[in-house]
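There are 2 protein chains.
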Amino acid sequence: MRDHFEIRDGDLAGRIGRLTVPRAGVTVETPALLPVVNPNIDTISPAKLESEFGAEILITNSYIIKKNDHLREEALDVGLHEMLDFDGAIMTDSGSFQLAEYGEIDTTTAEILQFQHDIGTDIATPVDIPTPPDVDREQAEEDLKITKQAIADAEAVDTGEMLVNAPVQGSTYPDLREEAGRHAYESALDVFPVGAVVPMMNAYRYGDMVDAVAAAKRGLGVDAPVHLFGAGHPMMLALAVALGCDLFDSAAYALYARDGRYLTVRGTEHLEDLEYLPCTCPICTEYSPDELRAKGEKTQEKLLAEHNLHVTFAELRRIKQAIRDGDLMELVEERARSHPAMLDGYRALLDHVDQLEREDPASKGAFFYVSNESAHRPEVARHHARMDRLTAEGNVLLTEGGIPSGDEFDDAWRVVPPFGPFPRALSETYPLTAEVPERLDRDAYEQAARGVARLVEENPDATFTLAHGDWPESALSAVPDTVAVESLEEVTEKLAETAKSDASTGAEDE
Amino acid sequence: MRDHFEIRDGDLAGRIGRLTVPRAGVTVETPALLPVVNPNIDTISPAKLESEFGAEILITNSYIIKKNDHLREEALDVGLHEMLDFDGAIMTDSGSFQLAEYGEIDTTTAEILQFQHDIGTDIATPVDIPTPPDVDREQAEEDLKITKQAIADAEAVDTGEMLVNAPVQGSTYPDLREEAGRHAYESALDVFPVGAVVPMMNAYRYGDMVDAVAAAKRGLGVDAPVHLFGAGHPMMLALAVALGCDLFDSAAYALYARDGRYLTVRGTEHLEDLEYLPCTCPICTEYSPDELRAKGEKTQEKLLAEHNLHVTFAELRRIKQAIRDGDLMELVEERARSHPAMLDGYRALLDHVDQLEREDPASKGAFFYVSNESAHRPEVARHHARMDRLTAEGNVLLTEGGIPSGDEFDDAWRVVPPFGPFPRALSETYPLTAEVPERLDRDAYEQAARGVARLVEENPDATFTLAHGDWPESALSAVPDTVAVESLEEVTEKLAETAKSDASTGAEDE
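So the protein sequences, as listed, match chains A and B.
In terms of my numbering, the first sequence is numbered consecutively and its last residue is 510.
In terms of my numbering, the second sequence is numbered consecutively and its last residue is 1510.
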């Protein structure tokens, strides 16, 4: 049990949590964005990040500070908080990024952790190896050994109240990511960055990112606060939160602003291409694109950085509200339509439906069916898995229509795509109250047919009739042969005839 | 040709246009939002609508003004523009809404048009009959006769420079909507409101709304400026613009604010339910939900109305930018995931793919495949329709792989889901440059198979081999029997063997 991290609410594998950072004397609400502050460049001051954007935590780089005489002396002298003028929590990176970029750095985990401690870091980072995607398995294993050693070295340093990151590597090998997650979780360290996903995101490989994070999460305990290192584009935050990531850092807001790039939840635009500013933020409601372009380089950069941060923080608020409302999946569904690579990420997420299902709350406010993918949500898998608790006896009608008046059937259950059959008594329980479109797709019908098959499997002694409202052939062929299948129209006609012949029989009896 | 409306750019059936309003001496860029200004209630002043939100046009109700002694005298005395303090264009409604709500009004088209003219209206409205959905056909026809008479009455009034609306009614009967559209278009009037869609939107019947608008548009000429009367929720604006609507009016921003409702592009929230404000607007970045709730009723209403307007105007800017970029369909795809009813609306839009295809530009920047529905976009239908221009001769390989080196085939075409086959020379032309996810759905493969079938049909003398990369059975079964179907793997093996045997034959010749 990690007692510095408390989970307050959840949806899918995402959660609203509280990360207690003892050295800073603050509690950070997660999911949280850590703006990256470059100690050499002052795009937006940390004080403004705190007061105007509500940043509770930021991240800067201890290796850059250590390598610069002036910064090092100041940091050692007054401490990071005073140097940056920031009261929230401060995480520092260790130089691992520089190691990955330039091949070597002249520090060690023990040394850089001590330095981070000396300058007043609240959450520190050892020197791990960010293994890129697609390397040989041998290299991934070799690198992982070094990262594990860095974790052991970090455990050996007396860091007092300072929290320490235990990075999770393993490249694109899910089993290595899972093992790395388990190893990190079993250490005495505190926060768990999933590393080296930036090359995947830069290459728009969101499917691979999802697989890597899902694997790491399988190794980590549910109570582990997880940092998706280097991820801060608002487009992918909902997806990453749905996987169970809690912390994100954004250098993008400032780096992109520097070359005129404008973030949106649907992707990245270039200011030079915009004729309209598709945003409500204070910058975009005050200026036109031409007015922004007419600003001097520095002012334009600052204003774009502010826009970029507004968009990113608002998306985090949207995600938190979605977790509260239990409709995070609906938000992920929307974001999946911003780019084919995001759809890949979403479809990859659904490949891990069993993993999601274990953490997803059993009851929420509403289930909105908004795409073919909705048929493959955790709620549908859960309904199918729970068929083993539903007992059907005798001659059972499974129908999309109303209850028949005759006595041909011992029981009449409802059938609702995408879930399948259930006793009428469950009609008002989540997710069977789902709202679905009139124009339903075959994925929904096929999933309902699979539900029928599961029910039949669990109740071999009962006999079933399925009365469906014009299901497609692909769904009907998934219904077991032992089920009598009739269209709703046929059943209605037949029941009417039976009623008539009952009535005439009755008349003869008189 | 309507010379007061000029179309500058288009995507799907949506367009950016310029509506010249001679009496106001202004040109309004469309798609445009007309905030509804209630002359009795000053939520946000028209001057502020103009200066802070960029409103170029608004709408108010001439019937309410006429019925109120004080308002009538002032409007007749100083004119609407001075009375409201607004320099943009002013459209006025006629009392038709009151007629629909309360059953009768005491005015006529001739009288109210004259009154609108007298108070300085720029775009006036006759007294039409907003026929609700699902009425008997007889009633819909009867009502439509009255609306047509109102249009004739309006044509007879000398309105000078004032533009006049020609409403399109017809309830839920597509043929009546189309006929009404044609009749209105053939009149001498200027702007074309599609009426009585509010009851459909209130009941979340977006599929029916799409069918009604699509039918009206079939009757109206492409150059007709179309007003979707009573529609202003930001969630559905992209869909409505994609259908070819140009003007929208929003009373929602103020009415919703009055009872604490908070608009988003994903639907409507209640302020009381929000723990976070999921928006970047100046209100939502300045206040927390608790701070907003702590405001007095009037202030809270005003702030919520401002938020609601920011969201709505920003969505219109986003839509216009999407038209410029040629990715309006991608925006519609996203908005379709906000509610099952919006998915119905989007799927209904795709039912009208042939109608959309006629106006959709042939070339754009990018085609993003982001859902099963993407397989049914106009570009795919167009590619299939154009198979009649593609000539295939001899023995043709259609392949998802590379060009074979042997001489077994006379030609090797590419096959790309969801489009189907095309000669390699077309590879770099829109939409064949589409970006698709790795995890492709069967809709994409099945559409590609339909493309193959169309090519075969157009080229009965050629013979075809399809080399596919693991297509699903549902797609393979749509490939004509005359096509030799092999998996990419099989073809590669076979070609390698042929090359080997050719080589060995060559060796024997030496």
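Derived by calculation from the structure, the hints in this document are not laboratory data.
Be careful, since some hints might not be right.
According to the in silico footprint, chain A covers these stretches of chain B (three or more CB under 8 Å from chain A) [unchecked claim]:
#1 1165-1175
#2 1270-1277
#3 1280-1291
Beta carbons: idealized from backbone N, C-alpha and C, even for Gly.
Outcome of the hint check:
Remark: the region 1165-1175 of chain B is not confirmed as covered by chain A, as 0 of its residues place a Cβ nearer than 8 Å to a Cβ of that chain, below the required three. Residue count for the region 1270-1277 of chain B with a Cβ under 8 Å from a Cβ of chain A: 5. That meets the three needed, and the coverage hint holds. Note: the region 1280-1291 of chain B has 5 residues with beta-carbon separation from chain A under 8 Å; the three-residue rule is met and the coverage holds.
Hint 1 from the list above is the single one not met by this structure.
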